[in-house]
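Numbering-wise, the UniProt record's numbering puts 135 at position 135 of the sequence shown, and it's gapless, one number per residue.
Since the hints were derived computationally from the structure, they do not count as laboratory data. Do not rely on the hints blindly, as some may be mistaken.
[Said to hold, decoys possible] As a list, the in silico SDA-like pairs of lysine to any residue whose alpha-carbon atoms are at most 20 Å apart:
hint: 1; residue 1: Lys-81; residue 2: Glu-60
hint: 2; residue 1: Lys-98; residue 2: Asn-120
hint: 3; residue 1: Lys-339; residue 2: Glu-229
[To be verified] For each label pair, taking beta carbons as the anchor points, the in silico distance ranges come out as:
hint: 4; residue 1: Glu-10; residue 2: Glu-320; range: 38 to 46 Å
hint: 5; residue 1: Asp-157; residue 2: Lys-279; range: 19 to 27 Å
hint: 6; residue 1: Ile-297; residue 2: Phe-67; range: 36 to 44 Å
hint: 7; residue 1: Lys-319; residue 2: Lys-222; range: 14 to 22 Å
hint: 8; residue 1: Glu-294; residue 2: Asn-341; range: 46 to 54 Å
None of the values given here were measured: they were computed from a predicted structure. The beta carbon of each residue, even a glycine, is placed where N, CA and C say it ideally should be.
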Amino acid sequence: MGYLEIQRSEKYFKNVNIIRDNDNKIKISWNLEENLEKVNIYWSKTPNINADEEYITSVEGKASVTFDDPDIKRRNYFILKAKGYVPEVIAEVLIPFKGVNNFRDLGGYKTKYGRRVKWNTFYRSDQLAGLTKEDIEYLKNLGVKTIFDYRSKAEVDQKPDPLIDGIENINISAMRSLDNQDRNFDMISIIKKTRSLKSLGNPCEFLKNGYIEMVSDNKAFKKLMEYIEYPDKMPIIQHCTAGKDRTGIGSALILLALGVSEETVIEDYLLTNIYRSHKNESLIKSIQPILKDEESIEICKALMEVRREYIESSLNTIKETYGSIEKYLEEEYGLSEEKRNKLQQYYLE
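Put together the whole structure using the sequences plus the hints.
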C-alpha cells in the first residue's frame, strides 16, 4: 500500500472543541464516530506534532474528557491520538488573561485546501493596557516578536501599551480619518461624548462606512502584510481598543491570504460577540443614565457588537472594486500568487 493510500485510509477528528472553566480545568470534546475507539490525550509546550509530549489520559466510548490544566503559567497544546486517525493538535482560542478579555489565537483554522493555520503565530486582542504582571509573564512565554497597535493617537495616549523587552511595538492608525489625529474610535468614548445617540444616525451605516474605508490604501494593513512575509517577526499581536473592528479586518486579511474561506473568516470575526459579552453588558450598565429609551440601547449595542453586515461591507467592497480577494491582495499589498504560496508554506500545517 502506497503513502497516498495510507493517507486516504486515515480519518480526522470532527468538531473538536476546547474550553476552560473557572477552576482551570480543560474540557476537550469531539464527535464520537462509530469506529473511534480509545482516544489518547497528550500535552506539549509547543504546537509541533513531533515535539516532546506528555501523556495525560485516555478515554473509551466517550466524546469528551476533562482534566486539570497541566501548567497554568504558560500556553499549552493538546494532542488527540486514536487508531486510524490523523493526530489533532489543538489549543485554546481564547488566551486566559486576567486583564484583557478578547486575546485570541488565529491558529487551527482550516483553509479551503485542507491545511490548518499554525498555532502561536497570529494573535488578535483588545487593548493591552490592562495586562497584569502575571499576564505579561505568560505573554513573554508566547515568544511574541511584534505588536501592531491600530489605535489613534488619542487612544494610545489614554491607555498606552506596556513596554516589553524584545517586542517591537508598531502604532499606525488603521482608520485613515484618524491618522495623526487626536480623535477616538473607541465606541464607548463616542457614546459617552454624544449628547444624543440618535444624533449618530444609523449606527450600522456609521460602522459599515468605517469598514469600507479600512480596506483601501490603509497604511497600517500595508505594514502588517509586509511584516507577515518575514517569519522571524512572528508571533505577532494585532490589537485596537476592543479588538473587534480594526483588528477584525487585520485578522481577516491574514486569514484570507492564507487561503481560509470567507465564511470561516466571518465566523472568527463574530466570536468577539461571545468573548466580549460580559464586558459589553457591564459597559451598558455603566452608561445606563444616557440610555433614555429602547432605541438608544439598540444603537449602543450596534456600536459595541460585531455584526455580519459590517465585515461583509468590507468584503463586498473588495470584490466589487478588484473582482476577487486574490486580485485585491496582489494589487493592494503586493501579495502575488507566488508570495501567497510562500506565506502558506510558512504558516500552514
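Hints, one by one, checked against the model:
This hinted pair checks out: Lys-81 and Glu-60 have alpha carbons roughly 12 Å apart, not beyond 20 Å. Among the hinted pairs, Lys-98 with Asn-120 is consistent with the structure: their alpha-carbon atoms are about 19 Å apart, no more than 20 Å. Our distance criterion of 20 Å between C-alpha atoms is met by Lys-339 and Glu-229, whose separation comes to about 8 Å. Distance hint for Glu-10 and Glu-320: a CB-CB separation of about 42 Å, consistent with the stated range 38 to 46 Å.
Between Asp-157 and Lys-279 the beta carbon distance is about 22 Å. The supplied range of 19 to 27 Å therefore holds. Between Ile-297 and Phe-67 the C-beta distance comes to about 42 Å, which sits within the given range of 36 to 44 Å. A beta carbon spacing of about 20 Å between Lys-319 and Lys-222 agrees with the range 14 to 22 Å that was offered as a hint. Distance hint check: the CB atoms of Glu-294 and Asn-341 are about 51 Å apart, consistent with the given range 46 to 54 Å.
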